[in-house]
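**Q** Sequence:
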Amino acid sequence: MAFRQAGARPVSDTLLLFLTLDWLARFAIFAVIIFSRPAVGAQGWLALVLVFPIPAILVVLWAFRPLATARRRARFAEARRQLKIARRQILMSQHCSPPQLPAHLVRAAQLIERVNLFPAVGGNNIEALADYQEVIDRLVADIGTARHHVHLTTYIFSDDAVGNQIIAALVAAASRGIECRVLIDALGSYWWSRRIIRKLRSCGITVRRALPVSLTNMEALRPDLRNHRKLAVIDGRLGYIGSQNVISAELPGGQRSKEFVVRVNGPVVLQMQALFANDWFLESGDLLSDGALFPHERSAGAARAQLVAGGPEYRRSVIRLLLDALVHTVEHRLVITTPYFVPDEALLLALEGAAARGVEVCLILPKKGDHRLVDLAQRSFFDRMLEAGIDIHLYHRGFLHAKHVSVDDDLVLVGSMNIDLRSLELNGEAGLLIYDQDTVARLREEEARNIAGSERLVRAEWNARPALARAAENAARLFSPLL
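Residue numbers (the UniProt record's numbering): 1 to 483.
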């Protein structure tokens with residue numbers, strides 16, 4: 001059917017559709033420019049609109065909703081108030097007194113305390129776990145010794161052998177009267193969530209989906225906002241935090257996932273507990289205020305540590321600020337291990353500056369990742385890093401999914417965060433900042449093993465790669481803010 005005005009030529013349906021889509025694309029571009037947070041994210045969205053205009057229009061209209069609904073923003077405010085209460089409760093313990101830190105580390109500790117509310121605390125015992133199955137076995141054993149409660153947050157909870165091993169441990173604990181709570185990301189665990197939830201709830205275990213997504217329900221949250229945290233808390237005295245999900249290590253294509261987790265005993269576990277309680281309240285509306293959740297345990301060791309948490313509920317991008325502070329703090333050696341390295345300009349400049357002032361900067365990345373587009377975008381930064389004198393090692397003994405940063409001999413950051421805009425700005429992430437030379441030494445050993453299983457990138461050889469590969473990498477880089 002053609003649209004006609006008096007005295008005018010008919011406008012074809014095709015032309016009318018074209019004009020409508022053209023104006024919708026203009027609107028989408030306008031929305032991208034004024035609503036992108038951070039502004040660098042506009043680059044990826046604009047590339048998406050220009051290359052795939054019709055599907056991009058729908059995605060932009062859906063994704064550029066507020067970061068949170070009015071109800072969730074109200075919960076953010078209440079959760080912040082509850083975190084302050086938890087902080088006071090935790091600090092009442094004589095074992096949570098802030099430790100003395102070297103002068104050059106004080107600023108990083110103060111930064112985290114101002115944003116996340118929790119200070120560095122001493123008295124912790126920290127074990128580094130790099131064997132995939134050992135992490136599962138130790139967690140199962142610790143769940144088996146639980147006396148009061150087990151709390152678990154994971155991005156992926158798979159219905160496979162590993163997932164069922166954890167389920168069996170939780171079911172056994174629940175049968176002994178232990179309160180078990182499980183929080184799984186709605187999108188990360190999408191393919192298995194119904195089966196997992198059915199299995200857990202049938203045995204009296206409370207489970208919640210984090211950040212539910214819906215095409216039709218505007219109260220549901222945006223799909224790009226995820227709870228990417230991986231942590232477990234047992235009786236408020238034992239904790240696990242790191243990169244490992246509840247899923248088999250075996251990946252499609254024959255690769256095996258390489259992870260890194262720390263098992264923690266001591267006062268800093270109470271900070272992990274407070275973060276879990278915060279997430280639980282945001283998803284369920286239930287306050288976890290039982291005093292038994294925050295026991296005043298005795299000192300378990302000598303390590304100093306501090307929880308780091310980032311996500312849409314925080315006004316500032318604390319992980320981005322922390323990485324920037326660490327890069328400017330390092331004096332001798334900085335090693336970054338991450339599966340996804342898609343940094344923004346500020347972090348690139350900071351790394352180049354560190355290398356220029358004589359710091360040994362080393363990146364350990366997977367040779368073959370699990371997302372082709374991310375692989376290409378990541379490689380587009382290698383020219384610049386190599387030119388700055390930064391060492392790049394590509395791990396080839398499996399898929400390197402571990403996420404940790406070591407700074408000189410003083411400090412390590414271990415957790416769930418990647419070096420990309422999604423982790424730095426959008427995802428809920430959790431990590432542990434550990435001020436302990438023994439832990440640094442153990443992490444250095446793990447870094448050495450990872451480097452031994454890698455090939456070092458040589459600048460001359462890298463520069464000789466085909467022009468087509470360069471073009472693909474640069475094209476993928478346009479979308480890097482969305483990856």
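Note that these hints are calculated values from the structure, not bench results.
Take the hints with a grain of salt, since some may be wrong.
No farther apart than 16 Å at their CA atoms in a straight line, the calculated lysine to aspartate or glutamate pairs in the EDC-like style are these [unchecked claim]: (1) K199 <-> D159; (2) K199 <-> D160; (3) K367 <-> E473.
Ranges of calculated distance between the beta carbons of each label pair, as one might list FRET restraints [claimed, not checked]: (4) H371 <-> N164: 33 to 43 Å; (5) N474 <-> Q133: 35 to 45 Å; (6) E387 <-> E455: 18 to 28 Å; (7) T206 <-> E331: 22 to 32 Å; (8) E345 <-> H371: 31 to 41 Å; (9) E455 <-> R198: 15 to 25 Å; (10) E78 <-> A103: 49 to 59 Å; (11) D383 <-> Y314: 32 to 42 Å.
All residues carry an ideal CB built from backbone N, CA and C; glycine is no exception.
**Q** Taking the hints in turn, state whether each one holds.
**A** Checked hints:
Note on K199 and D159: the hinted pairing holds, with a Cα-Cα distance of about 10 Å set against a maximum of 16 Å. A threshold of 16 Å between alpha carbons decides the hint, and for K199 with D160 the separation of about 13 Å falls inside it, so the pair holds. A distance of roughly 15 Å separates the Cα atoms of K367 and E473; the hinted pair therefore holds under the 16 Å criterion. Checked against the given bound of 33 to 43 Å, the beta carbons of H371 and N164, roughly 27 Å apart, lie outside it.
Between N474 and Q133 the beta carbons are some 40 Å apart, a value that agrees with the proposed interval 35 to 45 Å. Between E387 and E455 the C-beta distance comes to about 19 Å, which sits within the given range of 18 to 28 Å. Separation of T206 from E331 is about 47 Å and departs from the stated range, judged on CB atoms against 22 to 32 Å. Separation of E345 from H371 is about 22 Å and departs from the stated range, judged on CB atoms against 31 to 41 Å.
Distance hint for E455 and R198: a CB-CB separation of about 45 Å, inconsistent with the stated range 15 to 25 Å. At roughly 37 Å, the beta carbons of E78 and A103 sit outside the given window of 49 to 59 Å. Remark: the range hint 32 to 42 Å for D383 to Y314 is upheld by a beta-carbon distance near 34 Å.
In summary, the numbered hints that this structure violates are 4, 7, 8, 9 and 10.
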